[in-house]
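Visitor: Here's the letter readout for the chains.
Number of protein chains: 2
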Amino acid sequence: MHGQMMNLPLTITNIMKFADKVYGNSEIVSVTADNPYHRYTYADAFRRVRQLANALARLGVEPGQCVGTLAMNDYRHLELYYAISCSGMVCHTINPRLFPEQLEYIINHAEDQYLFLDVMFVPVLERLVERLPRVKGFVVMTDEAHMPASSCLPNLICYESLIAGEADTFDWPELDENEASSLCYTSGTTGNPKGVLYSHRSTVLHCYGSALADSFGLSGRDVVMPIVPMFHVNGWGLVYSGPMVGAKLVMPGAKMGDGETLCTLINEEKVTLSAGVPTVWLALLGYLERSGQQVPSLQRITTGGAACPQPIFDRFRDQFDVEVQQAWGMTEMSPLGTYNTLRPHMVSWSEQEKTPVRLKQGRPVCGVDMKIVDDNNRELPWDGKASGAVKVRGPWVIQRYFKAGEDACDAEGWFETGDVATIDADGYMQITDRTKDVIKSGGEWISSIELENVAMTHPLVAEAAVIGVYHEKWTERPLLVVVAKEGESPTAAELLAHFQGRVASWWIPEACEFVAEIPHTATGKVSKKDLRVRFSDYVWPNKTGE
Amino acid sequence: MHGQMMNLPLTITNIMKFADKVYGNSEIVSVTADNPYHRYTYADAFRRVRQLANALARLGVEPGQCVGTLAMNDYRHLELYYAISCSGMVCHTINPRLFPEQLEYIINHAEDQYLFLDVMFVPVLERLVERLPRVKGFVVMTDEAHMPASSCLPNLICYESLIAGEADTFDWPELDENEASSLCYTSGTTGNPKGVLYSHRSTVLHCYGSALADSFGLSGRDVVMPIVPMFHVNGWGLVYSGPMVGAKLVMPGAKMGDGETLCTLINEEKVTLSAGVPTVWLALLGYLERSGQQVPSLQRITTGGAACPQPIFDRFRDQFDVEVQQAWGMTEMSPLGTYNTLRPHMVSWSEQEKTPVRLKQGRPVCGVDMKIVDDNNRELPWDGKASGAVKVRGPWVIQRYFKAGEDACDAEGWFETGDVATIDADGYMQITDRTKDVIKSGGEWISSIELENVAMTHPLVAEAAVIGVYHEKWTERPLLVVVAKEGESPTAAELLAHFQGRVASWWIPEACEFVAEIPHTATGKVSKKDLRVRFSDYVWPNKTGE
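Residue numbers (my numbering), protein chains in the order written: chain A, 542 to 1087; chain B, 542 to 1087.
Check each hint, because a few of them may be wrong.
Calculated lysine to aspartate or glutamate pairs in the EDC-like style (CA-CA distance at most 16 Å, straight line) [as the list claims (entries may be wrong)]:
| no. | chain 1 | residue 1 | chain 2 | residue 2 |
| --- | --- | --- | --- | --- |
| 1 | A | Lys-811 | A | Asp-967 |
| 2 | B | Lys-558 | A | Asp-967 |
| 3 | A | Lys-562 | B | Asp-924 |
Treat the hints as calculated values from the structure; they're not laboratory data.
Please read these numbers as outputs of a predicted model, since none were measured by experiment.
Take these sequences, add in the hints, and give me the full structure.
Guide: This is how it looks when you write it as structure tokens:
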């Protein structure tokens, strides 16, 4: 027997209409290339969104087709988010920093009809345009005064001119909540990028889950500055969840790494909450400490995308009275999986006691089901000790990559995140490694990351990496690979001794090799794939451990 | 084109499993008839829920069938909520205070298979049992020691004995999110009660919406004491939304109107948030003021069910540092429609400036679409002046009453709430009347409630009511009906003069009639229906206004 409540769809259109009606006077402040301080209201924004929807229809884009964006965080990008998705088209946000061949691949794979781009990305596409035969036109997100003087891009359109003559009313289609709303590609270290195709339903549910008090805790009294790019998983959804609660939005455009601009925006707009990767917080901290400025309105910042070093927590708390909260997720999770707030019994703890909790990635958000499993897919206990592969399920978790032939999840419907973690009795997950990097020694798992962290504390080590190498008896054993500090010549025995008492004895690397340089990926991470190739035929120097 | 995220259903089962897994050590504290201080954890609760699910299956209740409860707020009632709904059955919460003929009607209409009842309600059902031929058994929610010595109820079962021998594992069915989860009847002033049949989907979405920071703002650090009965619209959903965020629950059982018990629970359990009707707050305030106690942990209370008088806001704020927040909704809305928190520009206002805002019913929660319309169903502006019938839409709003032949909403899908309100430019709704009580004079609407409020401020008036009576020229005009204070004899002219300068001149009642007594309904409200019958042939005493 079915319930008899209204069967109304969960759509981004409804969030937009709600925000327009109830919070029409909330503000959106942007830094753009053509205006260092653009300010308007939700009502203004959604009026232009309706003009843009008319323009998209006039351009002949059809429901279900993709429209690409290469853009930073500003009001025009926000307008595109809503106009494209609420028209029943797919908003394909593209990371402009990808390699040219990756850009070419994803634009063609998505079959983007039009590309909307910031002026600064015109050269990026000029170099690619001949390999993008299906793109019908390029819309530069600026006004006529700031259009490039000349360009080899065909059908080059000015954003402001595109929408200027359009009516500001639009008859939004009634969408099925399962309709695709947006598309974001994730670039792994191997193979082509893979697209994650979000639906209106998954986006709205993610909004509700991520706005809860123990997630971002968004309210209409917040002034939210998303520093995470809108080309990274919809800017963690803040461009939807902010309007859902009527929060003021502050969008720093291309100035996302500029501590001074961030500080100015925070203080002039009274930002209460911001979100971004640790690098951004280091930039902001650096500026604040150098300039002696304070950020009194800022209450909390969400950090994600990479583990956040403890000094970032400490410096923000001690010098600026700002609480740093970790979150964890990924493109395949819309992105939010866990968020770190304190449980009630921890509130009265000393800062020293709170620190180990804060360094964890947090508890699952209601809507995300999570487990850790061993090599045989057996579920492991939540005891803070057992570490296993993290698997997730939920209505905002991926089922299948865009245009893939098979599901991305296992037979029981779980998506394997590729992360290895422990979960403690209070539900806090702590990432210990990536699945592909964890070292499987005698049926037990050793965290390569933890070993690297220990190695890096040795005064003679410039850089260190740990990989698993084949071992006759233990299947794999950890190999420490080290770049010594310039002018220093530590011995292997000396460095291995450094692990004594710092990790379990069976975790201590089996051997240490010195190299002149450790290979890195394009995004600056250690390329363990290359290291594993290099040491694939490695012969262990002695027989310890047997 | 559909998105490719997991198509997982929104079910109460998933909330339960999540709360069990992530927040298993959160507490539930209850006052029951057999235990003044019962305390256990979510993990304990859900273990017993699984035992209860096994028992329900053994009793032969089938998916889609109703199981009734006549019970106060305590842990056994919570167990029933989850065991029944997550088994695919319908949890039919029954208001034990209804008239016997209403109880008979709804129990038979719902076809309740079993009734679960508190000991205190055994006599209520004993008087009815002969007229409930389909009920297969009666389960008294207590242990063997507290079972009634004898009873005419057939197949009388003890709750604790029912579940004692059952396994604490249960294979929960995979439910469609549209499956019915619970049923609550609303008793209007005319006709039989009407059932509202909630679905798992509507319940989960209501949970998300009502937990947001500008709604109840629930976090895992909250200690929530729902004083609104669990037989009233699922206790405003707090029995679901609390576990969703891991909040500690404090359930006062039959002591909901006992200020001393409430105060003790608040202070011993460190309650941060409570929710109930204004009567409860008066009881609590009365006790606090008499006893001189404070409630330092209590941060905010939600008041709903009736307009909250200003002194309740003021006394809680000034004497106890507690913020009172209004909410508005109804059984047909799960129940939450609006919630009252301040907009950012109001935060710095003086308390005097905030008061008129706080007295409004609040802004729509994201998920609830709202409009006000005039007699011709034309939408009215949100200007804080125009008042019209409130209509709502949303995924937790009723489509059709249980077993009804037609929809409860209009052709465009809007449900008419029966309330008349203004909505201001900031989105705050203020109820001015009930649709059936508003006086339609010359095409304009006059609020009967506002006139009654003015009349009640006259020192010689004991009770006053205002109804619309037929008028040749203006269609309707307001008639003031007054019970004078004992020993006083005010004149009609004197009372009508009291309205001068307090309301618009055309709102001033056309005449005043004195009565010995004003008729009331069973729930203590003025019965305007009876008054309208009594004055249906009323002849206006003079020709003013023509």
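Visitor: If a hint holds in the structure, say so; if it does not, say that too.
Guide: So, going through the hints one by one against the coordinates:
Between Lys-811(A) and Asp-967(A), the direct Cα distance comes to roughly 34 Å. Violation of the 16 Å bound is thereby established for this hinted pair. Annotation: proposed proximity of Lys-558(B) to Asp-967(A) holds, straight-line Cα distance about 15 Å (limit 16 Å). With a C-alpha separation of about 12 Å, the suggested pair Lys-562(A) and Asp-924(B) falls inside the 16 Å cut-off, and the hint holds.
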